[in-house]
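Asks: Here the structure of chain P is known, so what remains is to put chain D in place on it, guided by the hints.
Residue numbers (this note's numbering), protein chains in the order written: chain P, 1 to 559; chain D, 560 to 659.
Do not take every clue at face value.
Okay, the calculated beta carbon distance ranges per label pair [to be verified]:
| hint | chain 1 | residue 1 | chain 2 | residue 2 | range |
| --- | --- | --- | --- | --- | --- |
| 1 | D | 615 | P | 201 | 35 to 43 Å |
| 2 | D | 581 | P | 201 | 35 to 43 Å |
| 3 | P | 88 | D | 634 | 31 to 39 Å |
| 4 | D | 634 | P | 100 | 14 to 22 Å |
| 5 | P | 88 | D | 606 | 49 to 57 Å |
Derived lysine to any residue pairs resembling SDA-like cross-links, with alpha carbons at most 25 Å apart [what the hints assert, rightly or not]:
| hint | chain 1 | residue 1 | chain 2 | residue 2 |
| --- | --- | --- | --- | --- |
| 6 | P | 161 | P | 124 |
| 7 | D | 617 | P | 211 |
| 8 | D | 650 | P | 143 |
| 9 | D | 574 | P | 109 |
| 10 | P | 324 | P | 462 |
| 11 | D | 613 | P | 99 |
| 12 | D | 613 | P | 211 |
| 13 | D | 650 | P | 145 |
| 14 | D | 613 | P | 127 |
| 15 | D | 613 | P | 515 |
| 16 | D | 613 | P | 264 |
| 17 | P | 91 | D | 622 |
| 18 | D | 650 | P | 141 |
| 19 | P | 211 | P | 150 |
| 20 | P | 515 | P | 534 |
| 21 | P | 324 | P | 346 |
| 22 | D | 650 | P | 125 |
| 23 | P | 161 | P | 189 |
| 24 | D | 617 | P | 486 |
| 25 | D | 604 | P | 324 |
| 26 | D | 614 | P | 158 |
| 27 | P | 444 | P | 249 |
| 28 | D | 617 | P | 125 |
| 29 | D | 613 | P | 162 |
| 30 | D | 650 | P | 503 |
| 31 | D | 617 | P | 66 |
| 32 | D | 614 | P | 189 |
| 33 | D | 650 | P | 389 |
| 34 | D | 613 | P | 74 |
| 35 | D | 574 | P | 100 |
| 36 | D | 613 | P | 90 |
| 37 | D | 617 | P | 98 |
| 38 | P | 91 | P | 58 |
| 39 | D | 617 | P | 444 |
| 40 | D | 617 | P | 462 |
Hints in this document: simulated from the structure, not taken from any laboratory. Even for Gly, the Cβ is constructed at its ideal location relative to N, Cα and C.
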Amino acid sequence: MVETKGISKSPTGIDGFDDLTLGGLPTGRPTLVRGSAGCGKTLFASTFLLNGTREFDEPGVFVTFEERPVDIVNNVASLGFEMDRLIDEGKVWIEHIAVDPAELAEIGEYDLEALFLRLELAIDQVGAKRIVLDTIESLFSAFTNPAILRAEIRRLFDWLKDRGMTTVITAERGDGSLTRQGLEEYVSDCVLLLDHRVHNQISTRRLRIVKYRGTAHGTNEYPFLIDEDGFSVLPVSSLGLNHKVHEDRISSGVPDLDAMLTGGGFHRGSSVLLSGVAGSGKSSLAACFADAACKSGERALYFSFEESAAQTVRNMRSIGVELKQWLDSGTLRHIAARPTFYSLEMHLAVMLREVQRFKPSLVVLDPISAFMGSADALEVQSMMLRMVDFLKSNGITAVFTHLMHSQDGTAETDVGLSSLMDAWILLLNREVNGEFNRELYLLKARGMSHSNQVREFIMSDDGIRLLTPYLGETGALTGSARKSEEAKARRAEVARRVEVQRLAEAIDTRRRKAKAEIEALQAEIEADEIELRRIEADEETYLSQALTDREDMEKSRRA
Amino acid sequence: MIDDAPGAAPSEPLKLVLYIAGQTPKSMAAIANLERICAETGPGKYTVEVIDLKKDPKLAREHNIVAIPTLVRQLPVPIRKIIGDLSDREKVLVHLKVGG
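Pulled out of the complex, with its shape left as it was, chain P reads as follows (with noise of 0.2 Å):
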């Protein structure tokens, strides 16, 4: 319990409520909550009887009015209040005050006082604090007499308020700003107003806190919901610009993508657009996101406004990534809503609480466009800035896809969002020489220097991967022409390499047959050599026989 000064609260177990008033409602006093047929005034008033028995050791009565015990029981036994274990423990009671005009008859005097009986013997019984009377209005049906109703409902406020009772009173609402019957006269301490209004065939619950004497609220309406978690108020704070700033890095999901930004990744907490044209990738990408956030340890929190979770399983497995593992274990949550599900508003309300209960690092909004349909520009880009503001302010890092129509001309996104964005993504899917090819270009990334490439994106089996584009004669080329381009290039590559090889194998030819020619001339020189060698041996024989011959001759003469 929330203490103020002056004034205890009583808290209500409802989800925003007791943030929105301090700590819940007047303890002792009495409540009242009004508002037309089926905008949840029972709900409220049951919730806040069964989480103070169940949550603050605070038993409870449920005077009704209308329903028989058994519908109530029932009717909150679908929010997952077991009310007929509390009545059996004794910690709540329902007191049926059921008066049927058609058997009653008033002649003369009469008080109330055996209804005061009634809830004196079942405050008794269960040691009561809180009490609920859902709707004292009914009275002024049985009863003809209102001057004497009147009188008795002031005593019976009175009453209630000296036992020290925190009662809620709800009363349908009047045609004007009053209930019916006119009872703000009686509460002073708190009044809440319940409506149910529909726009574009879209219903939003609102509540608004008329009056809350002695303590500080907030007057703004504030969407509420009632879904299978009971009763919550979706308090969507005014939010500055005050947001922590993160120097940590996260991964896309993509090696090659965070490689296009110098540090690797983009800072934590930051919000990162995603646009392109049907078919380009987007949803993908988001995925390739919130898979890498899951590999890392961290959670993430998917919502898709077009997809079911099992749908976005099987598309992402066939570009190999496995989102199951995170959704079986919990680290990745996907909630699927068609935009026209809730109004705007309250689609922030349920997000934010989403965000709140499951406390992700991050967030992926695919695609923020679907809202364009059910509501104008302004609005959806009021209530994506509330929720940029909302994630940054929680150092969550955001990841939105948006679909764009056109990719001609300058990007824009219907939303006016690119200037709320940090990093911005576009994917483009291009008609070239008949074939369409992704390509993703980081248009912007606030702090951070980055490539300025336009990437070729690839979906394969095992993930995406960004290829720098060919940069041929005639720019950049991709799909097929970059295939031809480069084909081309193989291939005048590979002529190249037999010429040479051609040229080398001559050479070689060449070089062989000059050996071949060097080697005859040496074994016709070495011929000769022999030759005169033996020409020299001959003359050299000749000379001698010669000289012999000449000595022999003078030997003969002589004798």
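Replies: Chain D in isolation, oriented as in the chain P frame:
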């Protein structure tokens, strides 16, 4: 008028229960008025029981009583309830009349 009411069912007495809460002026007035009506219409036509809910508040819940004083005609069925101090004798008789 006086003879009409009991005359409709002379054989069986009407079973009446008067619920009060303590000795309040309204309760005392209702008792006095009822006693006078019974006396004037003759004995044996009504059996009257007075229940003080202050002494036994559980009965208020069981019998679904909200206003005080309440006069309940339990027999013959259907049950009829008159709230107030029964100051208008003729109206009381009209409402107690069988089938009326």
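Asks: All the hints need checking, so say for each whether the structure fits it.
Replies: Comparing the hints with the structure gives:
Checking the proposed 35 to 43 Å range against residue 615 of chain D and residue 201 of chain P shows it is violated: the Cβ atoms sit about 56 Å from each other. Look at residue 581 of chain D against residue 201 of chain P: about 58 Å separates their beta carbons, and that is not inside 35 to 43 Å. At roughly 35 Å, the beta carbons of residue 88 of chain P and residue 634 of chain D sit within the given window of 31 to 39 Å. Checked against the hint of 14 to 22 Å, the C-beta distance between residue 634 of chain D and residue 100 of chain P comes to roughly 18 Å, which is consistent with it.
A beta carbon spacing of about 39 Å between residue 88 of chain P and residue 606 of chain D contradicts the range 49 to 57 Å that was offered as a hint. Proposed proximity of residue 161 of chain P and residue 124 of chain P is supported: the alpha carbons are some 15 Å apart, at most 25 Å. With a C-alpha separation of about 37 Å, the suggested pairing of residue 617 of chain D with residue 211 of chain P is violated against the 25 Å cut-off. Taken as a hint, the residue 650 of chain D and residue 143 of chain P pair is honoured in the structure, with Cα atoms around 17 Å apart against an allowance of 25 Å.
In summary, the hint linking residue 574 of chain D to residue 109 of chain P is supported, as the alpha carbons are separated by about 23 Å, within the 25 Å threshold. Between the alpha carbons of residue 324 of chain P and residue 462 of chain P the distance comes to roughly 16 Å, so the proposed pair stays at or under 25 Å and holds. About 20 Å separates the Cα atoms of residue 613 of chain D and residue 99 of chain P, which keeps this hinted pair within 25 Å; it holds. Of the pairs offered as hints, the one joining residue 613 of chain D and residue 211 of chain P is violated, with about 37 Å between alpha carbons and a cut-off of 25 Å exceeded.
A hinted pair counts as satisfied when its Cα atoms are at most 25 Å apart, and residue 650 of chain D with residue 145 of chain P qualifies at roughly 17 Å. A hinted pair counts as satisfied when its Cα atoms are at most 25 Å apart, and residue 613 of chain D with residue 127 of chain P qualifies at roughly 19 Å. For the suggested pair residue 613 of chain D and residue 515 of chain P, the alpha carbons sit about 140 Å apart, so the restraint of at most 25 Å is broken. Distance restraint check for residue 613 of chain D and residue 264 of chain P: the Cα-Cα separation of roughly 81 Å exceeds the 25 Å cut-off, and the hinted pair is therefore not satisfied.
Taken as a hint, the residue 91 of chain P and residue 622 of chain D pair is honoured in the structure, with Cα atoms around 23 Å apart against an allowance of 25 Å. Between residue 650 of chain D and residue 141 of chain P the alpha-carbon distance is near 21 Å, which keeps this suggested pair within the 25 Å criterion. About 22 Å separates the Cα atoms of residue 211 of chain P and residue 150 of chain P, which keeps this hinted pair within 25 Å; it holds. Taking the CA atoms of residue 515 of chain P and residue 534 of chain P, the gap is near 29 Å; set against the 25 Å cutoff, the hint is violated.
For a cut-off of 25 Å, the pair hint linking residue 324 of chain P to residue 346 of chain P is broken: about 28 Å separates their Cα positions. About 39 Å separates the Cα atoms of residue 650 of chain D and residue 125 of chain P, which puts this hinted pair outside 25 Å; it is violated. For the proposed pair residue 161 of chain P and residue 189 of chain P, the alpha carbon gap of about 11 Å is at most 25 Å, so the pair holds. Restraint check for residue 617 of chain D and residue 486 of chain P: not satisfied, since their Cα atoms lie roughly 96 Å apart, outside the 25 Å limit.
Between residue 604 of chain D and residue 324 of chain P the alpha-carbon distance is near 82 Å, which puts this suggested pair outside the 25 Å criterion. Distance hint between residue 614 of chain D and residue 158 of chain P is fulfilled; the C-alpha atoms sit about 23 Å from each other, no more than 25 Å. Annotation: proposed proximity of residue 444 of chain P to residue 249 of chain P holds, straight-line Cα distance about 16 Å (limit 25 Å). With a C-alpha separation of about 11 Å, the suggested pair residue 617 of chain D and residue 125 of chain P falls inside the 25 Å cut-off, and the hint holds.
In summary, the hint linking residue 613 of chain D to residue 162 of chain P is supported, as the alpha carbons are separated by about 19 Å, within the 25 Å threshold. With a CA separation close to 135 Å, the supplied pair residue 650 of chain D and residue 503 of chain P exceeds the 25 Å bound. For a cut-off of 25 Å, the pair hint linking residue 617 of chain D to residue 66 of chain P stands: about 21 Å separates their Cα positions. Between residue 614 of chain D and residue 189 of chain P the CA atoms are separated by roughly 34 Å; this puts the pair beyond 25 Å, and the hint is violated.
Distance check on the hinted pair: residue 650 of chain D and residue 389 of chain P sit about 72 Å apart at the alpha-carbon level, beyond 25 Å; violated. Proposed proximity of residue 613 of chain D and residue 74 of chain P is contradicted: the alpha carbons are some 33 Å apart, above 25 Å. The suggested pairing of residue 574 of chain D with residue 100 of chain P holds, with an alpha-carbon distance near 21 Å, which does not exceed 25 Å. At most 25 Å may separate the alpha-carbon atoms for a hinted pair to count; residue 613 of chain D and residue 90 of chain P meet this at roughly 23 Å.
The suggested pairing of residue 617 of chain D with residue 98 of chain P holds, with an alpha-carbon distance near 16 Å, which does not exceed 25 Å. Annotation: proposed proximity of residue 91 of chain P to residue 58 of chain P holds, straight-line Cα distance about 8 Å (limit 25 Å). Distance check on the hinted pair: residue 617 of chain D and residue 444 of chain P sit about 76 Å apart at the alpha-carbon level, beyond 25 Å; violated. About 75 Å separates the Cα atoms of residue 617 of chain D and residue 462 of chain P, which puts this hinted pair outside 25 Å; it is violated.
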